[in-house]
Structure formats: structure tokens, C-alpha cells
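Asks: For reference, the chains in residue letters:
Protein chains: 2
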Amino acid sequence: MRITVLGTSASAPTKERGLPAVFLEYLGEGFLFDVGEGTQRQFMRFGRSFMKITHIFISHYHGDHVFGLPGLLSTMALYGRQRPIHVWVPERQVVYVERFLRALVPSLPFSVEFHPAAPGVLFSTEGYSVSAYALDHTTDCLAYVFEEAPRLKADKEKLRQYGLHGPVVGRLKAGECVDWRGKRICPEDVVYEKPGREVVYVADTRPVISNVAKGADVLIHEATFLESERQMAVEKKHSTAREAAEVAKALGAKKLILFHFSPRIDDLSLAEAEARERFPDVVAAEDGYTIEI
Amino acid sequence: MRITVLGTSASAPTKERGLPAVFLEYLGEGFLFDVGEGTQRQFMRFGRSFMKITHIFISHYHGDHVFGLPGLLSTMALYGRQRPIHVWVPERQVVYVERFLRALVPSLPFSVEFHPAAPGVLFSTEGYSVSAYALDHTTDCLAYVFEEAPRLKADKEKLRQYGLHGPVVGRLKAGECVDWRGKRICPEDVVYEKPGREVVYVADTRPVISNVAKGADVLIHEATFLESERQMAVEKKHSTAREAAEVAKALGAKKLILFHFSPRIDDLSLAEAEARERFPDVVAAEDGYTIEI
Numbered sequence: 619m620r621i622t623v624l625g626t627s628a629s630a631p632t633k634e635r636g637l638p639a640v641f642l643e644y645l646g647e648g649f650l651f652d653v654g655e656g657t658q659r660q661f662m663r664f665g666r667s668f669m670k671i672t673h674i675f676i677s678h679y680h681g682d683h684v685f686g687l688p689g690l691l692s693t694m695a696l697y698g699r700q701r702p703i704h705v706w707v708p709e710r711q712v713v714y715v716e717r718f719l720r721a722l723v724p725s726l727p728f729s730v731e732f733h734p735a736a737p738g739v740l741f742s743t744e745g746y747s748v749s750a751y752a753l754d755h756t757t758d759c760l761a762y763v764f765e766e767a768p769r770l771k772a773d774k775e776k777l778r779q780y781g782l783h784g785p786v787v788g789r790l791k792a793g794e795c796v797d798w799r800g801k802r803i804c805p806e807d808v809v810y811e812k813p814g815r816e817v818v819y820v821a822d823t824r825p826v827i828s829n830v831a832k833g834a835d836v837l838i839h840e841a842t843f844l845e846s847e848r849q850m851a852v853e854k855k856h857s858t859a860r861e862a863a864e865v866a867k868a869l870g871a872k873k874l875i876l877f878h879f880s881p882r883i884d885d886l887s888l889a890e891a892e893a894r895e896r897f898p899d900v901v902a903a904e905d906g907y908t909i910e911i
Numbered sequence: 619m620r621i622t623v624l625g626t627s628a629s630a631p632t633k634e635r636g637l638p639a640v641f642l643e644y645l646g647e648g649f650l651f652d653v654g655e656g657t658q659r660q661f662m663r664f665g666r667s668f669m670k671i672t673h674i675f676i677s678h679y680h681g682d683h684v685f686g687l688p689g690l691l692s693t694m695a696l697y698g699r700q701r702p703i704h705v706w707v708p709e710r711q712v713v714y715v716e717r718f719l720r721a722l723v724p725s726l727p728f729s730v731e732f733h734p735a736a737p738g739v740l741f742s743t744e745g746y747s748v749s750a751y752a753l754d755h756t757t758d759c760l761a762y763v764f765e766e767a768p769r770l771k772a773d774k775e776k777l778r779q780y781g782l783h784g785p786v787v788g789r790l791k792a793g794e795c796v797d798w799r800g801k802r803i804c805p806e807d808v809v810y811e812k813p814g815r816e817v818v819y820v821a822d823t824r825p826v827i828s829n830v831a832k833g834a835d836v837l838i839h840e841a842t843f844l845e846s847e848r849q850m851a852v853e854k855k856h857s858t859a860r861e862a863a864e865v866a867k868a869l870g871a872k873k874l875i876l877f878h879f880s881p882r883i884d885d886l887s888l889a890e891a892e893a894r895e896r897f898p899d900v901v902a903a904e905d906g907y908t909i910e911i
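If you read the sequences in order, they're chains A and B.
With the numbering used here, the residue at position 42 of the first sequence is 660, and numbering never jumps.
With the numbering used here, the residue at position 189 of the second sequence is 807, and numbering never jumps.
Hints listed in this document are in silico derivations from the structure and should not be mistaken for laboratory results.
Just to be clear, a hint being listed does not mean it is correct.
Since the list can't tell identical chains apart, any single copy or any two copies may satisfy a pair.
Stated by the list, open to error - Calculated cross-link-like contacts (lysine to aspartate or glutamate; reagent style DMTMM-like; alpha-carbon spacing at most 25 angstroms):
#, residue 1, residue 2
1, 867, 709
2, 774, 807
3, 812, 904
4, 873, 647
5, 771, 835
6, 872, 766
7, 633, 904
8, 867, 910
9, 867, 853
Bear in mind that the values here come from a model prediction, so they are computed numbers and not experimental data.
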């Protein structure tokens, strides 16, 4: 599973930073969270393929999070995309996103399937689920949670103790009890459930603690302001870097990635430093920041 | 007068090249020709101020030439713009551009004044005029011609001969005859008309020769394809680099700037070389290419 933070600026780009877009690659699927203006070019700049996108999740209908959508889809068409793409948008905003897309791109050679997103599980497969929860911004805004399904693993030490090997291990993982060398062995004897990995994407918001996001392996959280501008964060319904760290701590996250910085923040080490006072494993992402988990 | 070619790619950006946008700065005014996705960031990258834009001219309503408009205007608002901005669009396409802009940006703290553009003079001031002429593309597409008014200049050598200096020179340039050291001197004795500078912007088109563009100091012309792909240029209603050079020659242009290259052209020296066989003073512009005239 690879996460690439393609754009880290808030509201407007800067010379160094593009607008919000985070790309999660997982077993042949590609999940793009937000699509600020210039996202297609950020894919190129950082050597990622936008043709691999299968789902797009829009946190909210503010320009800096969606203006890159029509160009991205047009360029996919130019490069021959035919398979459908799924676009999730907070439910009351679907009509606006569809309207602006159709105004710009009347037709595409592939299907763009819009889905209304609301708090709860959006969809799930055998391997993972994607959920949303409500944030606290100036308009409807959703956090998205990608959660891998728990996986059954055989405890290697126990397999050795029983002398188990071969297809019988698969049967145990499938839930069967087996007779093996005169003993009856059941799944609970050797099989355990390994929790799936969890990635949480939190765009524009005041700090929100949600059970849905508990225990995230990676929390990607906005940090529009520094603590010295807390008042502005409150007024504009954003978070400071320190507040993002407090959220990470409250959620029991393993790692925190800060992004969505005001263009006025030149030196990201300030954001990182004030967050680290509350939460140790934090990085203030530059464009292109990549992590494999 | 300074021209900056902000984006030089056609249809889709590449890692190195942004989408079409050319910025002409002239005596406190700023004329932007086309505004592909990412234009606001190209301004930042090349140290130009988008707050100086007074007029935007859209060649035609295709995504790669307009998708940067909503983000650009939104960012202007963020940075406190209040004065109106004028946007010229081929007349039958105004409704679409307005519609898509309003769908994305319902309100702005400054006025966006849309003007229908058609072949002929669009507007003129004492100092310059902007005209348009029809191109030959798959949809209505206009070339734009910025033409400085002719300026009256006093011939320095003749001033010296007559011993003329001071306010009397201004009176001569204003059209008065003057009595000077016992002689009657009239404007035609010392004043001549210097033609204004002319810049022509030609986006997507098959080659078109227009009298309106004759004698351009700078012709900025699309060169989507190389001559080896002439057939594609014909089918898709674009020009090859060599064809652009032939247009420059037929128009008697002084300098040719090629831009709007297919993403498949890696090596711009090929475009430049084939154009130079037809027209000597040519440059295949990289993003950020700047010329002062």
C-alpha cells in the first residue's frame, strides 16, 4: 500500500506546493482523495499514473479541492481510458460537482459514476471498506477512511509445534477443524486475525474525534495554520498543526502526515515542530511525500 | 512590453510543460491569452503577478485553454482583488464559459465582465487596440492581435539642425507649427510616425493568413505537430512547426515563437529546426520563455 501526497497547499497553490490531492495505491486499485487544480500534472511530476485511479473521493465542494477534476478526466480520455471511474461527493454537493463537470466536459468516452457520500460505510469488498465521517467546516465536509479487512494468519510458531504444513493450513484458515497426526486441530489453535491497515484522510475541518478513525495506521490531516494563528483557524474552521497532532493522539494513530498548509507558511519545520510536542511520529509533507505501509 | 509564454503544451500537460497561457505586460496593463489548468501556478513559477491581469482573451472553449480560469479568479479574490477583469470569448462560446465559471465560482468580490469576441477590432484606447480574426479549428477559434498605436517621434538629427529643444518640441508633436529663431517650422519638418509594436497570438488552427496580422513584431503560433505528422495536423485542425513558419513568412513577421506542442514531442529542437528552414528568427518556447520588445 503506497500513499503519495501530491499537493499540500491550502486555498491557492504556491511555487513549491500544489493544491490538495492524496493518492492511495492498493492492489491494483487507486484511490484519489480530492483533486485540486493541477493534480494531473502532480501525478506526472511524481511519477504516478492517473490512469490507475479507480475511485475519487471529494472531501467538499470548495474550488481548491475540485478544480482539477475536469482536466484530469479529459486527459484520461485523451490517453484512452474506457473503464468507468467512481466519484464520491458529500451527498448535498453531488449536484454541484456533476453540474460543473458537465458544463466543462459535456461527454467522455468512459462513465463517471457519481455517488452521494454520507457518514457510514460507503462501500466494501472482501478485501477492504471505505467509510466516511462528518467533519466540521464551513460547508458539508467528509473525512474518508480506508480500512483493509482483517486477515487470517497462521501463527508460524504454532504450525511448527504441531508440525502442520501444506494444504491443511489453508483449510484451517478457511475455518475447518482438521485431524492431523492423531490430533484434532481447530482454527483457534493456530489461526489468528491480523487487523487490516487503516488510512484516514481528513481535509478542511476543526478538530474532530471519530470512533471510525480510531487506531489509524496513517492519519493524513490538514494543518492550515500554526498555533500562533489559532484564532484564524477557529474562524475559518480549520486546524492548527498542533490541533492535528492532538487529534492523532486522541485517535491513537500510529503516524500523522500534515498537509494543506496556508500559502503563508514558508517553513514547514515550524508546523512539524509544534505538532511533535503533542505527537511524536509526525511529518509535515512536502509535495510528493510518499510512504509505503 | 514583455511577453511570457507560461504554458506550452497542447491538450494535456507534461512534467515539463503546462497548458496554454501567454502573458503580455504593457504599461501597467496585463493581457492574458488563454488560461489552461495550472496557469495561476505558472505565474508563480515564473515570477509574474496574476494580479496585474486586466484582460483575458480565450481563443476557444476547449478545456485545455480554459480550465485554469476558475482557480485563477478564485485566487485573485483570495489575494484581495477588487477591480473588474475583462474576459473576451468567441461570441458563440460566451454562454458556455460564463456557465462553467458560475457553476464553479458562484460569486467573486470583483466583477468579471464577459465580452463576445468576433473578427474585427475588439476595443481600442489612445495607446493601443486589440483585434481578432477567425482561425480554422474544430470549433470557433480566434487569433488576437495587440497593436500599439503609431507614435509621433521627433527626429533627433533634425531637432539638432534647427536647434529645437524644450516645450516647443511637444507643440510640434501635438501638430502645431511654431515660429522658432525667425523660421516657421511645421510638424512634417521634424516629426515622423513610428509604427506601434504588434503581437499576434494564434492558438489552435490550420494555417491562416490574415491581413490583420501582417507585419507582426512577434507572432506566437501553435505548432502541435511536426511535419512528419502533417496528416494528423490536417485531421485535427492543427499546424505543424513548419506550417507555422510558413505563416510567419507570409505575414512578414519579425519573430516567430512556437508553442502548443503535442505531449509526444520530447525534443523541441526538432520543431525549431524544421521551422527554421522556412523562417529564420524562430524559437520553440519552453515554459517561462520571455521576450521584451
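Asks: Next, verify each hint and record whether it holds.
Replies: Hint-by-hint comparison with the structure:
1. 867 / 709: neither (30 angstroms within a copy, 57 angstroms between copies)
2. 774 / 807: within (12 angstroms within a copy, 104 angstroms between copies)
3. 812 / 904: neither (32 angstroms within a copy, 52 angstroms between copies)
4. 873 / 647: Close inside one copy (23 angstroms), not across copies (49 angstroms); limit 25 angstroms.
5. 771 / 835: within (19 angstroms within a copy, 73 angstroms between copies)
6. 872 / 766: Within one copy, since 16 angstroms is at most 25 angstroms while 63 angstroms is not.
7. 633 / 904: Both: 12 angstroms inside a copy, 18 angstroms across copies.
8. 867 / 910: within (21 angstroms within a copy, 55 angstroms between copies)
9. 867 / 853: within (24 angstroms within a copy, 60 angstroms between copies)
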